[in-house]
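Student: Given next are the chains, with one letter for each unit.
2 protein chains.
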Amino acid sequence: MIFNFILSTGIALKTVTAMNFEIQMFKDKDFVYIDYVAKVKDTGEIFDTTIEEEAKKANIYSNNVKYEPKLVILGEHSIISGLEEAIYQMNAGEEKEVEIPPEKAYGKKDPTKVRIVSLGDLKKRGVNPYPNMMVRFTDGSVATVKSVTGGRVVLDFNHPLADKTVIYKVKVVKVLQDEKDKVKAVLEKWLGKNNADKFGIELGEDKKNLKITVPKDYYKVEDFQLVIYMLARDIINYVLPESVVSFIENFQKDTFS
Amino acid sequence: MIFNFILSTGIALKTVTAMNFEIQMFKDKDFVYIDYVAKVKDTGEIFDTTIEEEAKKANIYSNNVKYEPKLVILGEHSIISGLEEAIYQMNAGEEKEVEIPPEKAYGKKDPTKVRIVSLGDLKKRGVNPYPNMMVRFTDGSVATVKSVTGGRVVLDFNHPLADKTVIYKVKVVKVLQDEKDKVKAVLEKWLGKNNADKFGIELGEDKKNLKITVPKDYYKVEDFQLVIYMLARDIINYVLPESVVSFIENFQKDTFS
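Line by line, the protein sequences give chains C and A. Using the working numbering, the letters of the first sequence map in sequence onto residues -14 to 242. Using the working numbering, the letters of the second sequence map in sequence onto residues -14 to 242.
It is worth saying that the hints were derived from the structure and are not from the lab. Any given hint might turn out to be false.
Any copy will do: because identical chains look the same in the list, a pair fits if it lies in one copy or spans two.
[As the list claims (entries may be wrong)] Below are the DMTMM-like pairs computed for lysine to aspartate or glutamate, each with C-alpha atoms no more than 20 Å apart in a straight line:
no., residue 1, residue 2
1, Lys159, Asp20
2, Lys238, Glu61
3, Lys174, Glu61
4, Lys51, Asp15
5, Lys238, Glu187
6, Lys14, Asp239
7, Lys98, Asp148
8, Lys201, Asp219
9, Lys196, Asp239
10, Lys238, Asp15
11, Lys93, Glu173
12, Lys93, Glu164
13, Lys201, Glu164
14, Lys14, Glu207
15, Lys201, Asp95
16, Lys201, Glu227
17, Lys169, Asp182
Please model the entire structure based on the sequences and the hints provided.
Tutor: Rendered as structure tokens:
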């Protein structure tokens, strides 16, 4: 409605409006930091948040979680699709409440993922099941115990939030523009902030060359070659597609002492 | 005797002689390539050689062995001590026959390393033992079957050449002087010649900086970080103790396609 109205008022205004749209709406590969509080629509139960105070209020606070704005690289699909789609339509600084149906959140329930196993079998594996208990198996799969009756246990391997409509109160708190900041964000995503700070990042004037110096701490980390590979891939995919990205390790006598 | 005689002939001759000694005798960290034929003194049986023709003559030729001069970095202790000691005393191009007692070859026999196991036990592991058979166990240990009598098998975990005096006919075929050649030799030692050829080696004029460019082939090799660590350690230990040795991996868009 508003858009149509502006269109009808003449060329000058139209141009300005178009520019505003370009500046404010996000596009693929944008680096956006969000804060959010997520709840189940039916029950109002808060199940996730980036804000320490909100986590405490909702009684889901954990010492293992770092409460800080979350990096979303648009197009990376690292968050549920409904939330990512919503962010594309937001502006920096904007806050919004988004209702997301199961299809764009944690999926519909798959009845074939509900299985009956024997109580004795679980006990042999050291699990003493009770309703609503979460059980993690050695293959990485996680199930919720639905019921324990007689010798039978009903396990549900669906995501606990399957079939739920969820509501995210989300705010875009920061948007990165500078390539070096984005490279740093990629390092932080894979390695954590404290570790990322130790890497040297040097971006050539023409942005065709990025040199990343690996700190000594990583010289004896077995699978670090694969980390370098993933870092390089993300940097080239999302930040500097036309650059040579070099990882450099400098050894000298005292490296080995 | 000769040395004493020269000493008594005056200062000029002494100096020249001392220089000759320095040039021709080897020292720690020298990179020396040798060819050899090794045999057991008692039996005359040839058990190892770097020369294809000799291996064929002795009926020990194997398709899995690369017959070529062997790199010895003096002081690295990568070969039996008696042979390494002998090489220190040789000159480039010199050929020599060295008799090496067990203590400086493959050790004395340790009677506690001879064990009796049950035939049934070995058969359960899929081993059908017969005298002189070599058996490799999952922990990496290797034993020789000494006898199979009744249900009992005598296994000898001593080195097959323990207690043997060995004779090496050894020739120093090449000595490396140039640092870049030595770096390349270290790469070849760890990675094989074909792979080493793909690395870029750039040594600064003042020899304070060595840049090694890793080829794309290694970007997805899981434990390559540890290989880099060992290469850097060897290069600094044996070739360029005062340099910064940099390993560089260059990624760009087409690295991932």
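Student: Which of the numbered hints are not met once you compare them with the structure shown?
Tutor: Going through the list in order, the structure violates hints 4, 11, 12, 13, 14 and 15 and respects the others.
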